[in-house]
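Student: In order, the protein sequence lines correspond to chains A and B. For the first sequence, my numbering assigns the number -3 to the initial residue and increments by one for each residue that follows. For the second sequence, my numbering assigns the number 1047 to the initial residue and increments by one for each residue that follows.
Since the hints were made in silico from the structure, they are not lab data. Please read these numbers as outputs of a predicted model, since none were measured by experiment. Incorrect hints may appear among the rest.
Restraint-style ranges between C-beta atoms, simulated for each label pair [to be verified]: (1) A/1 with B/1100: 25 to 35 Å; (2) A/63 with B/1070: 56 to 66 Å; (3) A/66 with B/1238: 38 to 48 Å; (4) B/1132 with A/66: 46 to 56 Å; (5) A/182 with B/1132: 54 to 64 Å; (6) B/1105 with A/63: 51 to 61 Å.
Computed from the model, here is a short list of chain A residues facing chain B with C-beta under 7 Å [unchecked claim]: (7) -1; (8) 0; (9) 26; (10) 177; (11) 178; (12) 181; (13) 185.
Heads up, the beta-carbon is just placed ideally off N, CA and C, and yes, glycines get one too.
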Amino acid sequence: MDALERLHRFRQTDAWLYSVILAAAGLSLVASFVLSVDALLLAANPQAALGCNINQVLSCGAVGVSWQANLLGFPNAFLGLITEPVFITVALGGIGGARFSRGFMLGVQGVAVFALGFAYWLYSQSMFVIGALCPWCLVVTLSTTVLFAAVTHLNIRDDNLFFPPRVQQGLETWLRLGLDLLLVVLVLFVLIAMVVVKYGAALLA
Amino acid sequence: MSKQEPTRQPSDPTSKRQQLRLEQERAAKEQRVRNIITYVAVGLGAIALIGGIIWAVLTYGSQATKPIAVKVNTEYTVMAGKADAPVIIDIYQDYICPYCGQTEQANSADLDALVASGEAAVRIHPMNFLDDASMGTKYSTRAANALVSVAKAEPDKMMAFNSALFANQPEENTTGLTDEEIALLATQVGVTQATIDTFASLTYADFVTSSTNAAFTDGIQSTPTVLINGTQFEGNLLTAGPLKAAVQAAAAK
């Protein structure tokens, strides 16, 4: 069996998928924590010089005090503090060999969909409306993408999403062909490329 | 791939073998397709990574080797003092940038004295890149437009008006001062009503935007940036003294 084949097999295993979820959720949790602390500092003093005010493009200050950063009336990062530990717990359970029921995993998928939608909405607001990018938010955007991909991969593999048989078969073929990997690479590429194209050299200033 | 369904006759060993063979062919074909897709994905990732690193190194390298002296585009600037003063102080600023305000508060007395004595001239680059920080009212543009209007019509009032704008600086992400409040500040420093009446038409809004773009072309990365005879001042701007000392040192050269 050649290396590519082994790689493909490995990408379908519980160990790999749950580890990806663990790593992505862990990264998002760290970012959420930093953003939450920043949100408190900003609440106390809107002009606080934050650690990530690198330049006028990469600015937590400008993003942190926008209404978009407090969509539900409290800092968005608090949502990360609430939800990421759930993913971490599920991932640790999965690595430890726990089996979750279809309904439970459907719920996990629901949270992942919500997280992805929210992260992308914030990304677009940050890019096109606020006009400044916050490094920790970008970390959340990218790691949430990876987390969503891993959760969805797992759930398609285990037929947890209650899709009609035809759809389920189509998605399994998609996984067998490894198209999920290509899609994730493409999405990450586009997300980062948009930042580079929009802000270019200003990022390194 | 053949559309033919394998004949379903479990009792026939030939057909069973054929079915197995078809299955194997299908799997092999699938694996070939998968390998191609994997190569594309990994290749794309690798190209992006390498391209990104090269881009970062080149960009960063070009910045590192860039001389500290800045080639200043003076087209969209306003000046206090004589153009032939021995020292020209360039100040890149945005009226809602908190550090610009602190810089001005700390140094305004020194700058006024340097201009008055003829030792230096102050060239202001009014920028509006923080327009998004005033909740849609574009305070940066409105304030900078007012300053340029004053500078063009009544240049001797420019520094006082600049100080007044910063002394009453609004916080970031508020709506900023209203047009009336800006006008009142201008009145207080002695600007004539005729000039004040022109603020509302935003005559110099494009000037300010051009100034902002020119500043980025100059390589300015943040505000406040202060140049002394075209060389970036690296000392502490937030306290009185260091800037004045540096200007006098440059004048003595």
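Student: Next, verify each hint and record whether it holds.
Tutor: Here's how the hints hold up against the structure:
With their beta carbons about 32 Å apart, residue 1 of chain A and residue 1100 of chain B fall inside the hinted range of 25 to 35 Å. At roughly 60 Å, the beta-carbon separation of residue 63 of chain A and residue 1070 of chain B lies within the given 56 to 66 Å, and the hint holds. In this structure, residue 66 of chain A and residue 1238 of chain B meet the distance hint of 38 to 48 Å, their C-beta atoms being roughly 44 Å apart. The hint said 46 to 56 Å for the Cβ distance between residue 1132 of chain B and residue 66 of chain A, and at roughly 51 Å that hint holds.
For residue 182 of chain A and residue 1132 of chain B, the Cβ-Cβ distance of about 59 Å falls inside the hinted range of 54 to 64 Å, so the restraint holds. A beta carbon spacing of about 33 Å between residue 1105 of chain B and residue 63 of chain A contradicts the range 51 to 61 Å that was offered as a hint. With 7 Å as the threshold, the beta carbon of residue -1 of chain A stays out of range of chain B, its nearest partner Cβ sitting at about 10 Å, so the hint is violated. The beta carbon of residue 0 of chain A is positioned within 7 Å of a beta carbon in chain B (closest approach about 5 Å), and the interface hint is therefore held.
Against a cut-off of 7 Å between C-beta atoms, the interface hint on residue 26 of chain A is violated, since the closest Cβ of chain B lies about 22 Å away. Interface hint status for residue 177 of chain A: upheld, as the beta-carbon distance to the closest one in chain B is roughly 5 Å, under 7 Å. With a least beta-carbon distance of about 4 Å to chain B, the hint placing residue 178 of chain A at the interface is held under the 7 Å criterion. A distance limit of 7 Å between C-beta atoms decides the matter here; for residue 181 of chain A the minimum to chain B is near 5 Å, and the interface restraint holds.
A distance limit of 7 Å between C-beta atoms decides the matter here; for residue 185 of chain A the minimum to chain B is near 5 Å, and the interface restraint holds.
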